[in-house]
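Here the protein sequences line up with chains L and B, keeping their order.
Be aware that the first sequence starts at 1, since it is given in our numbering, and climbs by one per residue.
Be aware that the second sequence starts at 1001, since it is given in our numbering, and climbs by one per residue.
Pulled from the structure, derived: some chain B residues nowhere near chain L, Cβ distances all over 10 Å:
#, residue
1, R1073
2, Q1123
3, H1147
4, A1152
5, G1153
6, S1166
7, Y1174
8, E1181
9, K1198
10, A1224
11, D1228
12, Q1242
13, A1243
14, G1244
15, L1251
16, T1259
Dumping the calculated SDA-like pairs for lysine to any residue here, alpha-carbon to alpha-carbon at most 25 Å:
#, chain 1, residue 1, chain 2, residue 2
17, B, K1044, B, Q1115
18, B, K1068, L, H33
19, B, K1239, B, G1207
20, B, K1044, L, T20
21, B, K1044, L, A40
22, B, K1044, B, S1111
These aren't lab readings, by the way, just hints derived from the structure by calculation.
Just so you know, even glycine gets a beta-carbon here, dropped at the ideal spot from N, CA and C.
Residue-level listing of the chains:
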Amino acid sequence: MTTISVTVNGIRHTVAAGTTLDDLLAAALPATHDHPTASAVNGDYVARHARRLCVLNDHDAVTTFEPITGG
Amino acid sequence: MAFDIAGTTLNSRFFLGTAGYPSPLVLQQAIESAQSEVITVGLKRQLADGAGKPVQNAQGQGFFEIIKQSGARLLPNTAGCYTAAEAVTLAQMAREVFETDWVKLEVIGDSYTLQPDPVELVQAAGELVRLGFEVFPYCTDDLVTCHRLLDAGCRVLMPWGAPIGSGQGLVNTYALRTLRERITDVPLIIDAGIGSPKDAVQAMEMGFDAVLLNSAVSNAHDPALMADAFRLAIESGRKAYQAGIIAKQDLAVPTTPVTGRPFLLA
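Construct the entire structure; sequences and hints are all you get.
Shown next as structure tokens:
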């Protein structure tokens, strides 16, 4: 099986080639399905509905964001 | 007291920030005391494991549940952004998470003063308007930058009174007064720098449409009480503006309509 290396919030993960962002978040951050969480790949926003269409590439950097208080 | 902003009618001219409160319960109490209909929120990058422990109040409610239950409109910010590209990306994320097109656009240009970068701010505002956002730009009191933001499609402006969290009040009243005189057809909200209720009164007496503040309430010894004080101040200042404040003058003018002196004993 061909694998690729990606990071999620700075933590490295080795996943199968063809893995989508949706697959990755479900495995690495399962809480993102139950909580409002936004995502980006290499700094580009990926909407929740588009995660299953977003096939990851080797060395992609995934970041996730959560709501906080703010001024 | 009702006014329209970005196509929405609001009864409160007090926009409240939600950061820095001692506890979620105190935040909840402050929102209730303020009677704010717009509260600001933010987004942060998750920790490495994405499992930051949620902050909860005594009833076990997290911050997100509290703000949703408040019934107030949410105004997500783009705090921490230094470029237009960052701000546009974060705004899109905020729209998804908070389910609103409203965004408080912050693009910082100087880390010491947290002063907005006018070039990046205008660029981001234009892009976000094109993406369908209602952009509330946090800007300085610079008149020309404000005109550029309006040119970019903003329908509301949020000039600072002073640097964020400084509590200095309205530092440049000349610039703010000029801004209000020159821009009369869109709401102007004083955002940042407010320290005391008297600053809010001053802003409202100058004709600004609303005030957005956070630290002055959240850092008070009793945030809920201070929120109430600001609510009253903002209402008072608005009513004074509407009533018409008399002009200052050097000469005294008697108020009691006497006829000359009461006794002529000489």
